[in-house]
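Asks: Chains as they are written, first to last, in this note's numbering: chain A, 10 to 253; chain B, 10 to 253.
Treat the hints loosely; a few may be bogus.
Pairs count within a copy or across copies, as identical chains cannot be separated in the list.
Unchecked claim - Below, a list of computed lysine-lysine pairs in the DSBU-like style, where the Cα atoms sit at most 35 Å apart:
1) 150 <-> 191
2) 191 <-> 157
3) 210 <-> 191
I should point out that these hints are in silico values taken from the structure, not numbers from a laboratory.
Protein chains: 2
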Amino acid sequence: MTGRLTIAGLGPGDAALVTPEVSAALTDATDVLGYAPYVARVPAREGLTLHPSDNRMELRRATEALRLAAEGRRVVVVSSGDPGVFAMASAVFEALEAAPQWQELDIRVLPGVTAMLAAAARAGAPLGHDFCALNLSDNLKPWPVIEKRLRLAVEADFAIALYNPRSASRPEGFARALDVLKEAGGGERLIIFAHAVTTPKERIETFPLREARAEMADMATLVIVGNSATRRVGRWVYAPRRAS
Amino acid sequence: MTGRLTIAGLGPGDAALVTPEVSAALTDATDVLGYAPYVARVPAREGLTLHPSDNRMELRRATEALRLAAEGRRVVVVSSGDPGVFAMASAVFEALEAAPQWQELDIRVLPGVTAMLAAAARAGAPLGHDFCALNLSDNLKPWPVIEKRLRLAVEADFAIALYNPRSASRPEGFARALDVLKEAGGGERLIIFAHAVTTPKERIETFPLREARAEMADMATLVIVGNSATRRVGRWVYAPRRAS
């Protein structure tokens with residue numbers, strides 16, 4: 010058996026959003042590694058070993074996946090959404106940089122529907138004009154970097170997708186982000202809270218920024234802040250294609 | 010028959026990247042509208058009317074789709090990639106804004122794998138840290154807006170995905186964009202040209218910005234410019250998760 014490492018995106022939650030390419034990789038796998046709630050989305054079967062792990066274990070998980078592939082196993086590392094967007098692909102390449110002996114392994118990255126695309130689709134088309142995506146988790150970068158990027162993103166008049174807006178371990182960051190966004194962009198700009206998108210617990214709510222409160226988000230929320238032209242039409246929210 | 014309008018993303022090209030949700034919508038459709046090369050990706054069958062149209066016809070196509078749905082047909086408007094990213098969803102909501110009589114129609118947006126995610130997956134993980142996406146088509150916005158956004162994106166140290174970098178009708182814009190990026194970010198930053206990603210003509214090339222020439226891109230190319238920390242590991246290119 011020749012080993013292979015596949016880094017695959019499971020999409021935002023609904024099985025109907027898993028690509029056939031990813032489904033085929035899971036069918037062929039001997040080992041699936043990932044954060045436990047994502048591994049739980051992979052059906053168990055004979056011949057498949059599931060390796061669920063905690064979050065904040067990304068680098069250890071990536072190294073273990075490389076090691077298993079080097080032993081000849083067909084390994085899939087799963088992420089929610091797309092594996093290249095604030096997920097496991099970068100962690101695997103970091104691990105690979107530290108372990109040159111594995112650089113000739115057969116490695117593939119399989120894209121998926123990342124949360125902001127699913128959230129945008131449910132809301133309408135708030136990413137229909139230029140936009141940016143920021144990870145608000147400050148485990149990986151200091152607050153001044155986040156604040157600077159938020160201010161520049163508003164100055165560029167990007168729509169802004171915010172991943173990981175809020176967790177129990179860092180409740181204040183998102184409140185500060187909302188303050189920066191209101192100060193830089195004004196209170197009339199629209200903000201979309203997309204909670205547990207494409208799952209049975211999905212809830213999509215849109216407000217003007219001045220009404221937004223940090224408690225409206227948790228780690229299962231994807232937030233999209235509109236640009237200066239983002240508007241409502243009926244029950245939908247969209248960014249016009251032309252610059253305002 | 011009750012009419013319905015579905016705006017669906019076909020992914021970047023490979024049929025294995027079309028979500029089951031989109032495949033089901035196409036199976037159920039009576040009418041499919043879209044830019045001709047995208048409609049050509051939908052298998053013909055009895056009971057399905059294909060309505061291919063030219064590009065730059067987005068608003069007319071959107072209005073026609075709404076009209077057919079209002080007549081009771083099950084209409085799918087197809088885009089390449091994700092319909093919400095520089096594609097048909099915003100055009101449909103623009104048309105809907107001009108036609109309030111259709112605002113109660115059953116409308117759905119089905120997300121897809123947008124080109125930058127597929128390109129990033131093939132290259133490694135260049136979108137693994139904060140990033141932005143710009144449409145370089147200046148049909149829809151003036152050059153000074155594009156230049157301002159490029160400069161702010163470099164200042165924010167975003168990786169930058171560039172859609173529609175170059176076409177026969179506007180050959181100079183991308184050359185100017187490369188000049189701005191080199192001036193603002195320096196010549197050592199990595200740039201990825203992902204041509205016809207996930208199709209048989211796929212070609213992925215990475216250079217330092219100083220070696221990039223406008224002729225390396227055409228309308229089938231998705232360009233990703235790395236941030237200041239983007240680096241190579243073996244044959245891969247990735248953005249480390251931590252801010253540099």
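Asks: Classify it for me, residue 210 with residue 191: is the Cα-Cα distance of at most 35 Å met within a copy, between copies, both or neither?
Replies: Cα proximity of residue 210 and residue 191: one copy only (28 Å, versus 46 Å across).
Asks: Using 35 Å as the alpha-carbon threshold, which applies to residue 191 and residue 157: within, between, both, or neither?
Replies: For residue 191 and residue 157, the Cα distance is within 35 Å both inside one copy (14 Å) and across copies (21 Å).
Asks: Between the shortest in-copy and the shortest cross-copy C-alpha distance, which are at most 35 Å for residue 150 and residue 191: within, between, both, or neither?
Replies: both (22 Å within a copy, 25 Å between copies)
The structure meets every hint from the earlier list without exception.
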